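Q: Since each chain comes alone in its own frame, lean on the hints to assemble the complex.
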Amino acid sequence: MWDYTDKVKEHFMNPRNVGDIADADAVGEVGSLACGDALKLFIKLDEKKERIVDAKFQTFGCGSAIASSSALTEMVKGKTLDEALQITNQEIAEYLGGLPEEKMHCSVMGQEALEVAIAKYRGGPVPTHDHGHEHEQEGEIVCKCFGLTDGFLKKVIAQNRLHTAEQVTHFTKAGGACGGCIPKIRELIAEVLGEQQKLEPKRPERLTNLRKMQLIQEVLENEVRPQLWADGGDLELIDIAGNNVQIAFRKACAGCASSGYTARFVEQKLRELVADDITVEEVQG
Amino acid sequence: MKEIYLDNNATTRVDDAVFEEMRPYFCELYGNPSSMHYFGGQVQKKVDEARQRVAALIGAHPEEIIFTACGTESDNAAIRSALEVFPNKRHVITTRVEHPAVLTLCRGLSKHGYRVTELNVDGEGRLDIDELRSAIDENTAIVSVMYANNETGVIFPIEEIGSIVKEKGALFHTDAVQAVGKIPLNMAESTIDMLSLSGHKLHAPKGIGILYVRKGIPFRPLLVGGHQEKSRRAGTENTASIIALGKACEIAGDHLVDENTRVKAMRDRLERELLRLIPAARINGGQAERLPNTLSIAFEFVEGELILLYLSELGICASSGSACTSGSLEPSHVLRAMGVPFTCAHGSIRFSLSRFTTDEEIDTVIRELPQIIRRGREMSPFGREILQQS
Numbered sequence: 001m002w003d004y005t006d007k008v009k010e011h012f013m014n015p016r017n018v019g020d021i022a023d024a025d026a027v028g029e030v031g032s033l034a035c036g037d038a039l040k041l042f043i044k045l046d047e048k049k050e051r052i053v054d055a056k057f058q059t060f061g062c063g064s065a066i067a068s069s070s071a072l073t074e075m076v077k078g079k080t081l082d083e084a085l086q087i088t089n090q091e092i093a094e095y096l097g098g099l100p101e102e103k104m105h106c107s108v109m110g111q112e113a114l115e116v117a118i119a120k121y122r123g124g125p126v127p128t129h130d131h132g133h134e135h136e137q138e139g140e141i142v143c144k145c146f147g148l149t150d151g152f153l154k155k156v157i158a159q160n161r162l163h164t165a166e167q168v169t170h171f172t173k174a175g176g177a178c179g180g181c182i183p184k185i186r187e188l189i190a191e192v193l194g195e196q197q198k199l200e201p202k203r204p205e206r207l208t209n210l211r212k213m214q215l216i217q218e219v220l221e222n223e224v225r226p227q228l229w230a231d232g233g234d235l236e237l238i239d240i241a242g243n244n245v246q247i248a249f250r251k252a253c254a255g256c257a258s259s260g261y262t263a264r265f266v267e268q269k270l271r272e273l274v275a276d277d278i279t280v281e282e283v284q285g
Numbered sequence: 001m002k003e004i005y006l007d008n009n010a011t012t013r014v015d016d017a018v019f020e021e022m023r024p025y026f027c028e029l030y031g032n033p034s035s036m037h038y039f040g041g042q043v044q045k046k047v048d049e050a051r052q053r054v055a056a057l058i059g060a061h062p063e064e065i066i067f068t069a070c071g072t073e074s075d076n077a078a079i080r081s082a083l084e085v086f087p088n089k090r091h092v093i094t095t096r097v098e099h100p101a102v103l104t105l106c107r108g109l110s111k112h113g114y115r116v117t118e119l120n121v122d123g124e125g126r127l128d129i130d131e132l133r134s135a136i137d138e139n140t141a142i143v144s145v146m147y148a149n150n151e152t153g154v155i156f157p158i159e160e161i162g163s164i165v166k167e168k169g170a171l172f173h174t175d176a177v178q179a180v181g182k183i184p185l186n187m188a189e190s191t192i193d194m195l196s197l198s199g200h201k202l203h204a205p206k207g208i209g210i211l212y213v214r215k216g217i218p219f220r221p222l223l224v225g226g227h228q229e230k231s232r233r234a235g236t237e238n239t240a241s242i243i244a245l246g247k248a249c250e251i252a253g254d255h256l257v258d259e260n261t262r263v264k265a266m267r268d269r270l271e272r273e274l275l276r277l278i279p280a281a282r283i284n285g286g287q288a289e290r291l292p293n294t295l296s297i298a299f300e301f302v303e304g305e306l307i308l309l310y311l312s313e314l315g316i317c318a319s320s321g322s323a324c325t326s327g328s329l330e331p332s333h334v335l336r337a338m339g340v341p342f343t344c345a346h347g348s349i350r351f352s353l354s355r356f357t358t359d360e361e362i363d364t365v366i367r368e369l370p371q372i373i374r375r376g377r378e379m380s381p382f383g384r385e386i387l388q389q390s
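Each protein sequence line maps, in turn, to chains A and U. Residues 1 to 285 in the working numbering are what the first sequence spells out, letter by letter. Residues 1 to 390 in the working numbering are what the second sequence spells out, letter by letter.
Rather than coming from a laboratory, the hints here were simulated on the basis of the structure. Be aware that one or more of the hints could be misleading.
Here are some of the chain A residues that sit facing chain U, going by a computed Cβ distance under 7 Å [to be verified]:
no.	residue
1	34
2	40
3	58
4	123
The model shown is predicted, which means the values in this text are computed figures rather than measured ones. Ideal Cβ placement from N, Cα and C applies to all residues, glycine included.
Looking at chain U on its own, in the form it has when it is part of the complex (with noise of 0.2 Å):
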């Protein structure tokens, strides 16, 4: 069974091009780059182009990316620093959607004498900019918002949110996993001061992603014990990793308009025909502006674990805000922050495409997902007027 990959939310595949890219630096190039001996030099040298290249694709200088393990580390690194650079101001702004490793940490914050303001959404997961205006006031440290939704896809006008930010003089970070790569990222007519990327949501391995600082931001590093990355981020490098990040975001800056092209037309092509083909279906956030390659849609009285099984058999690989695939036992945080219905809630599936995904791969799930569907539903003691419609 080929699988049929639509969780590119979750992770994406490694590129062949990426790979062989970093291929020599495991067993032949393995010199550290920090080394005085050509050996390590000559992987130094591919180190700068990776950062030059990372640089390019956002619109920054190389000189403001730091390379960090993950989008996670990224986010704790850009907020504590924020953190340490004021330490008189105790109020930190992030939203009710954000990444859990923004929202656990900033939870964390106000359990030590932070106070932490969680900017709501509407039902269709837009941000209420009005409450941001209220909310920040000169003791803001940091303003914390994400480019784009994981679960839905949607985008906030964070062009809007920075210049707000700005004028209160905290600092404006924002989660940009989703986003790059998917749309157009510009830091060169930014209002952002630290971004947070992930290697393997851009066909680069696990384990590399980067901060960005822009230049002339005040930044304390979370990790120190090494000259590594100016001092910023200490630990000698993923050398291997960099480099693939690199490549990831060079083919990155090559696909963008296929995303917006092609993927888009498939994804707006999936949840058409699911739409039409399924009664009691909704997409989360579908008013909203949304990434090109996110659908969220919440099947009425159906539960979003069992959907999901019964795709996998079918090799069918998505994922869902159902609580009872994480273990715990409420929808995600997102769709009860956009308060989607609780008929719903717990019956909603997110297909995330990439430039891999083929028209063919959309036809299976087409084919197959209303009748999963409607076998969840015949079980279901619950909506059963609805098998009539179907």
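Chain A with its partners taken away, still in its complex shape (with noise of 0.2 Å):
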């Protein structure tokens, strides 16, 4: 059974908003039958059109999925249209005191359909009944089971600092029915990753041997750890002598044949973002 807090089971025993609104300013539809679960979200607003009076959910899914919808109808009460598309789906679950990880899918589907919402009421007239995928990132189709682009992906991986294949799954569930999509998830995930280092530059000017070693941590920890757990791997740091920092390969990364390669890769990643002069030496451990 699933381990839902007390807040998750009070909103799927008793969930606020449920029904529709005859004269919604705006409507927005997620999911479908087939996939399991799905979401119709109606906003009214205020005679100024400016905030959101009213919200109600209909809602076909699971526990989680009912929780998730009455808490985002909660949350948007109140708001203006860009406050609301403020909310994220960390928020949502949040709000609910946390979600299992194979049910955050749930939140983003909320956080999704309120998007939607927003975008056609903006865009032009509220759409009527329409069950497919709504989703307006623009991108290739990339989970064809669920009909997800590789736009609305990348940004799910992004906010929510998503490290592997699996991880998707539970947020997105892209790649959970065939599994076909795994390995192009893996690359938008390395993507990702690229692009945020790009970002945010880490490599200071001038370091003290305590600060060097504090940053090869750092760094193998956020940087390189999680790339290799992607691909079912991992590396423990054995030791740190002078510039020499000594490694040791866990899991999938263990034995593997490409292991000279991915000790390659730690030191170049290393040598990017803590010192030029670093090597790394792979030793048993």
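A: Below is the structure:
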């Protein structure tokens, strides 16, 4: 059984704002019967068309999908459309005291429905019944089973700092059916991680030994290991002697034919982000 | 809140008499049956008695019974043994609706040079026997087909399958974990070569199972390193659980008629009343021959996990073929293989009864479930016209 928080339970046992709004200003629909969950969100604005005065939902889905929808409708009330657009899926999950990682896609569905509703309101007439996926993000379809684009997946990967294909499945469902797109998802993760690194240059000018050792550890933790995890591998820092960093490979990396190549990748990362003269040595340990 | 336990295909409560039977073998009669002294010897006698009791339930000889740790181990042992016995035969046949213990093993074999055929089922969960006839050949080492499906309760024509398998000289294994104790089995007049059984599905504890291996059928052990079970399964015997399983099999034999009359009548009433009270519901495998205790019912436009959570709040324990309860995202492989329409594949619930189920418990489900389904549908954006009918 899922370890749902009391707040999640309370929201699926007594969901707020179930139903529809006949004269809704904005309606957003995501998901489908075939996908196993779907959410139709109704939003009513005040007379000046600035603030959300009412929100209702209809959801087909599991307990956490109902709870996420209920939370979303409570959260948007009183907000302007721009404020509502700032709501992230993490905030929906936090409102509920957290969701099991396998259920995070329920919170993403809530955020998506909100974006679709507002985009449609701003873009033209309110759409009627349409049970297909409504991702507004441009791009190519990556996951054919659930109809998810690379733009949408990259956004969720970046916002939630996802490191593995499995996490992407938990957050978006992508790759959860036939699994054919999992290699592509791994590429997207690497792409997003690469972009984040460019945005956050970390290389300092002058280094004490102490600071260097800290930095090496930080880079291994934040930049290197997550990429190894994505392929089921891992490494452990064994020792640092001057500029010589000794590591041991773990899990899939241990005994992997390409571990020499991986060691060079680690060295390259450390040279890029810590110091030019770092060498990486693979040791048993 | 007293639980209403209708998830007996997942596991069962240990019968009080079974627990009493095993209780002395922890702190008092804890000897090792292999020991030379009297203290171990008295346990050996009880293990022998248990072997006879298990054999009696399925019409086998005691020496054809190998005690294992679970149904999964038995399945793995049977299939791996057949592949070792016939090193030159590189083909395995199973079904798309098999338990993961068999299916995952077979799919793994297909990555190691074996050809694996997964037989299809029709919309009612019935096997296509002609597909078996055309798939099997002299290169087939083993055919593994479950006796009855755990999700739908659909029973396969095991003897018909067995006679086809025998014609081609392959071994025939059946995972009978769900069938034993619910329908009569008789190995004395059967085409089955190997059969898996699990204790915790018939009111014995978890962690004990058997593999039946017909006399004369060559066998290679999965676990080696000890002479136990005539060197067919090494490892010190789980004596207390073996003794418990023996008792559970004896009691199961006494209750076979009850399973097929009183328990079946409760299942049939539950099925009839739910179909009468809830629109847009269908029975998975309803036209096929089924186990007397199992009801798999699909509801359109409402998701299975939500139904289970609402039932659970009332103390009613059932399970679903829904993806959301398992962490995977697709409906169960069984319902998909049956081609259950996508409008209701996500909303399937399995009730599985036992001899401990009461009429009052069934009454409670009949009273509560229609409201739960209605509530779920009221929240759903789909199928709103159905609400007007109910």
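Q: Could you work out which earlier hints the structure fails to respect and list their numbers in ascending sequence?
A: 4
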